[in-house]
Amino acid sequence: MSLERRDSAASTPEEKDTSPQSGGKKPVIVYIFVLFIVAFLLMIWSLFSHQRSNTEALGQLQTSVSAMQEVQALQEQVIQLQKELAETKEQLEQEQEAAETAAAAAQAEAGALLTERDSLEAQVTALTALYRLQQLYAARDLEACETQISELESGALLDSLDVVSREGEWTVTPPSERYLELKEAVRALED
19 MSLERRDSAA
29 STPEEKDTSP
39 QSGGKKPVIV
49 YIFVLFIVAF
59 LLMIWSLFSH
69 QRSNTEALGQ
79 LQTSVSAMQE
89 VQALQEQVIQ
99 LQKELAETKE
109 QLEQEQEAAE
119 TAAAAAQAEA
129 GALLTERDSL
139 EAQVTALTAL
149 YRLQQLYAAR
159 DLEACETQIS
169 ELESGALLDS
179 LDVVSREGEW
189 TVTPPSERYL
199 ELKEAVRALE
209 D
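The opening position of the sequence shown corresponds to residue 19 in this note's numbering, with each subsequent residue numbered one higher.
Just so you know, the hints here were simulated from the structure itself, not pulled from any lab data.
For clarity, every value in this text was computed on a predicted model and none was experimentally measured.
Treat the hints with care, since some could be wrong.
When the alpha-carbon atoms are kept at most 20 Å apart in a straight line, the in silico EDC-like pairs for lysine to aspartate or glutamate are as follows [claimed, not checked]:
hint, residue 1, residue 2
1, 201, 164
2, 201, 171
3, 201, 177
4, 43, 74
5, 107, 118
6, 201, 161
Start from the sequences and build out the full structure, keeping to the hints where you can.
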């Protein structure tokens with residue numbers, strides 16, 4: 019019995035020693051488990067807050083990217099408009115040069131027409147003066163013939179008569195020769 023007691027006594031204190039140790043281990047494990055759960059919850063909360071901030075940052079980046087795309091599109095439009103403006107300016111300059119050339123040509127043509135008109139008017143005046151001289155000679159008005167001859171010789175009317183004589187094809191006596199004939203005839207009558 020004594021051995022049994024000893025075994026039972028020996029087993030009792032060991033049982034008593036193991037009981038408190040196992041009870042002491044449980045609160046530490048629970049404490050560590052709670053700490054792990056809290057740490058896990060904090061990590062999840064940190065993950066969600068990072069995700070939210072990342073979502074906000076992505077939203078801002080997308081806004082920035084879209085703004086940059088709009089700016090790039092506007093810059094491309096500006097470049098295109100500048101090219102079109104340069105082409106339009108070049109076209110305008112070419113058209114202005116063409117218009118100036120056409121205006122100069124028209125002015126030269128108008129000057130030539132005016133010169134031709136003046137020449138024709140001088141020829142008509144010279145022919146009219148020759149006709150008057152012929153009529154005065156036919157009327158035998160020698161004084162008026164002398165006046166008409168001096169008018170013809172004083173201006174450029176003789177040159178106009180020469181031009182008329184050279185330009186036309188005459189089947190009758192050319193006007194410059196007719197003038198010389200009338201002049202000689204008037205001088206012959208005066209003598």
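To see whether the hints hold, each was checked on the structure:
1. 201 <-> 164: Roughly 9 Å between the alpha carbons, so the hint for residue 201 and residue 164 holds.
2. 201 <-> 171: holds, 11 Å
3. 201 <-> 177: Since the Cα atoms of residue 201 and residue 177 sit roughly 16 Å apart, the hinted pair holds (cutoff 20 Å).
4. 43 <-> 74: violated, 46 Å
5. 107 <-> 118: The given pair, whose Cα atoms are some 16 Å apart, holds under the 20 Å limit.
6. 201 <-> 161: holds, 12 Å
Checked against the numbered hints above, the structure violates only hint 4.
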